[in-house]
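*Asks:* Below are the chains, spelled out letter by letter.
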Amino acid sequence: MTRRIKRREFLQTAGAAGLGMALGNFPWKAFGALDKGVVHFGGSLALTGTYAKVAKMYKDAYEFYIESINNKMVVGGRTYDVKLTLYDDENNPTKTAQLTEKLINVDKVDLLLGAYGTDPVLAQSAICKKYNRILIQGGAATRRVDEEYGARNTFTLVSTGDSYHTTLIDLASKFNPPIKTVGIITMDDPVYQEMAKAAKERCEKEGMKVVFEDVLPMNTTDLSSTVLKMKGRQIDMVINTGWDKILASFVNEAVKYKLKLKALDGGHATISPFLKESLGKRMKNILGVTFWLPEAKTKPLHFKDSIEFGKKFQKRFGYEPDYHVALGAQLLELYENVLKGANPKDPFNADAMRQALLKTDKDMVYGRVRFNQKGRMMSDMLVIQWQGDPPKPVIIYPPKNAMGKLIYPSDPLAG
Amino acid sequence: MIYFILLGIMKGAIFALAGWGFSIILGILGIVNFSHGIFFILGGYLTFTFAKAGINPWLSILAASSLVSVYALAIQQFFINRVMARSHMMVLVLTLGLAIVAREAMGLAFGYNERLLVIEGVNERTVALFGNEFPVLEAGAFVLSAAVFGFFFYLFRYTALGLRLRAIGENTEIARILGINVRWNYVFAMLLCGFWTGLAGGLTIFVIPMDLHQDIYWTVMCFLVVIVGGTGNLAGTFISAILIGVLLFLSSIYARGYSDSILYVLLFLLMLVKPTGLFPSKMIVEERK
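Protein chains in written order, with the numbering used here: chain A, 1 to 415; chain B, 1 to 289.
Don't read these hints as lab results, they were simulated from the structure. Note that CB positions come from ideal geometry on N, CA and C, so glycine has one too. Hints may be right or wrong, so weigh each one.
[Stated by the list, open to error] Pairs of lysine to any residue residues, derived as SDA-like cross-links and limited to a Cα-Cα distance of at most 25 Å, are as follows:
#: 1; chain 1: A; residue 1: Lys260; chain 2: B; residue 2: Thr126
#: 2; chain 1: A; residue 1: Lys205; chain 2: A; residue 2: Asp380
#: 3; chain 1: A; residue 1: Lys276; chain 2: B; residue 2: Phe110
#: 4; chain 1: A; residue 1: Lys209; chain 2: B; residue 2: Tyr254
#: 5; chain 1: A; residue 1: Lys260; chain 2: B; residue 2: Arg125
#: 6; chain 1: A; residue 1: Lys276; chain 2: B; residue 2: Gly121
#: 7; chain 1: A; residue 1: Lys229; chain 2: B; residue 2: Arg125
#: 8; chain 1: A; residue 1: Lys200; chain 2: B; residue 2: Arg256
#: 9; chain 1: A; residue 1: Lys53; chain 2: B; residue 2: Thr49
#: 10; chain 1: A; residue 1: Lys258; chain 2: B; residue 2: Ile2
#: 11; chain 1: A; residue 1: Lys311; chain 2: B; residue 2: Asn113
#: 12; chain 1: A; residue 1: Lys95; chain 2: B; residue 2: Glu104
#: 13; chain 1: A; residue 1: Lys260; chain 2: B; residue 2: Gly121
#: 14; chain 1: A; residue 1: Lys209; chain 2: B; residue 2: Arg256
#: 15; chain 1: A; residue 1: Lys260; chain 2: B; residue 2: Ile119
#: 16; chain 1: A; residue 1: Lys276; chain 2: B; residue 2: Glu104
[Stated by the list, open to error] Which chain A residues face chain B? A few, computed with CB under 8 Å, are given here:
#: 17; residue: Ala52
#: 18; residue: Asp188
#: 19; residue: Leu228
#: 20; residue: Glu277
#: 21; residue: Arg282
Throw the hints in and build the complete structure from the sequences for me.
*Replies:* So this is what it looks like as structure tokens:
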């Protein structure tokens with residue numbers, strides 16, 4: 001026996017099925033945390049171990065940023081509370097990978113913050129790729145990030161290591177009296193050697209001859225043998241592509257053994273608080289490069305400018321912020337900027353976030369943020385020189401950010 | 001070349017200053033203290049803190065060394081004494097754990113930044129000898145280590161206290177039966193160890209940047225110095241420290257990047273040929289009853 005389906009019954013059934021299908025396809029997962037009115041950030045840092053001091057700066061920056069937005073963030077036009085889950089990865093890439101999986105699967109974070117160090121960031125990127133998550137990071141400068149994950153999952157806020165010294169070398173090539181010979185100190189690590197190789201090529205392109213190179217084992221702290229090897233050779237400028245510890249020991253030994261230089265490029269760590277505290281007056285006339293200084297007058301979303309950002313940060317945490325702090329704040333600020341106009345139904349959709357990040361071109365706390373097709377932020381380094389008494393880092397190049405002029409000739413080891 | 005050898009000798013003097021404490025504790029208490037490097041780093045960080053607070057740098061070193069010796073005594077009294085009679089392995093694990101805890105505690109107390117103490121008129125001072133410049137700090141460290149060696153030589157050879165300490169090192173039980181207060185002598189040994197290791201750290205912070213994680217390096221280097229010199233032999237410790245200082249410095253000049261490899265290959269060869277070290281002493285762990 002058969003029964004004909006009435007038109008009304010058919011429409012009711014079709015409507016219910018359609019609604020069911022629509023609800024089934026609806027991105028409920030995207031609202032896992034948002035359901036509770038919370039946007040959940042997560043990440044891991046080397047909170048203990050060798051990199052603890054840098055990790056602390058990132059952690060402080062996250063806390064400071066979240067406090068400065070009163071724990072609220074606009075996502076797709078609606079305001080949510082902000083939650084942060086941060087783990088200690090001990091700079092161990094295996095642990096970073098495990099913690100990233102935990103953040104995604106157990107903690108159900110909505111957004112991931114980059115770790116610190118090449119290997120942890122690569123490990124984190126691999127997990128983000130597996131789960132099709134976006135990662136914004138400022139902890140690894142290596143090109144490997146671009147090649148393996150760039151713009152697909154990972155967006156990087158620091159320049160590649162090979163461009164760190166370019167601006168300063170270009171500037172030094174115009175010095176009068178001229179820099180004719182260069183010595184390069186680097187460390188036995190692929191990223192630092194990448195920087196040294198690029199610095200060497202740039203020097204030679206600009207007509208400066210590299211007459212001395214010293215590759216230091218990673219545990220080196222005593223630069224006396226480097227300085228003694230330099231003595232007797234005519235070296236006009238020394239470029240350090242290594243850590244701040246290397247620069248500190250180099251300056252200490254170079255003054256002791258009366259090395260004569262026309263210029264010293266202390267590298268990307270020249271503004272580290274450790275150098276200021278330890279070397280003090282001896283920093284005078286030393287050049288360096290950095291991504292950021294408060295005086296660069298960048299334009300944070302929630303502060304008048306980077307000077308106000310710097311002052312408030314120092315008041316809150318008791319130390320002057322360096323570029324790591326700005327980077328930490330920039331990670332959150334960039335997410336905020338992207339999510340503000342996100343589709344409220346699926347705000348964390350990786351494809352949509354990817355497109356939004358690639359389209360970003362905005363002045364923020366860290367400077368002008370825009371990415372190339374490899375997901376790498378396009379930016380020039382700022383050239384600084386320690387000037388005054390007591391010496392302070394002064395941006396001398398590029399002209400749009402400059403706070404003062406280069407003092408040259410000036411003895412970088414006379415402080 | 002001779003100039004570099006002389007500089008290496010001066011650098012080796014720091015290893016000697018740091019290594020003697022390790023040697024004394026190994027020889028007398030019969031334990032391998034894996035938190036020894038912490039004494040060194042703590043000496044450096046305290047010296048830095050006092051000097052930055054405006055205290056005379058030399059007084060800062062003395063004050064720091066004294067505090068390190070108090071710290072050394074405290075960990076001996078509260079932790080090491082409780083397990084050393086049971087098993088050497090437990091002492092190893094305990095001191096390793098103490099090092100980790102101390103490192104993190106120092107991070108909280110001092111912050112995680114590195115330290116290098118630069119004081120006008122101290123760090124850069126050199127003395128001209130044989131037509132070459134020698135840094136006064138490193139030269140001073142050598143003179144001091146020679147003086148400290150003289151002190152130890154006199155102490156262990158000619159004083160009743162030294163005799164008691166040697167007796168404990170030879171055989172703790174017989175020393176106890178003979179009426180020697182072993183615990184009290186342990187206290188003295190630990191104070192000596194903490195003081196000289198802290199002082200080595202205090203001097204070193206003028207020469208190289210120090211960070212909280214270097215304690216492992218200094219523990220290993222002190223262990224190495226003692227093994228090469230012959231465990232429990234203070235003269236052997238001095239000579240091996242100087243040899244290692246020269247070797248590391250020459251290799252950093254002529255074979256940068258291979259310093260550690262050269263050092264450990266030579267150590268390996270030495271262990272094959274003379275496993276007791278260059279100058280073995282009877283005050284070694286294996287012979288303790």
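*Asks:* Output the indices of the hints that this structure fails to meet, ascending.
*Replies:* The structure breaks none of the hints.
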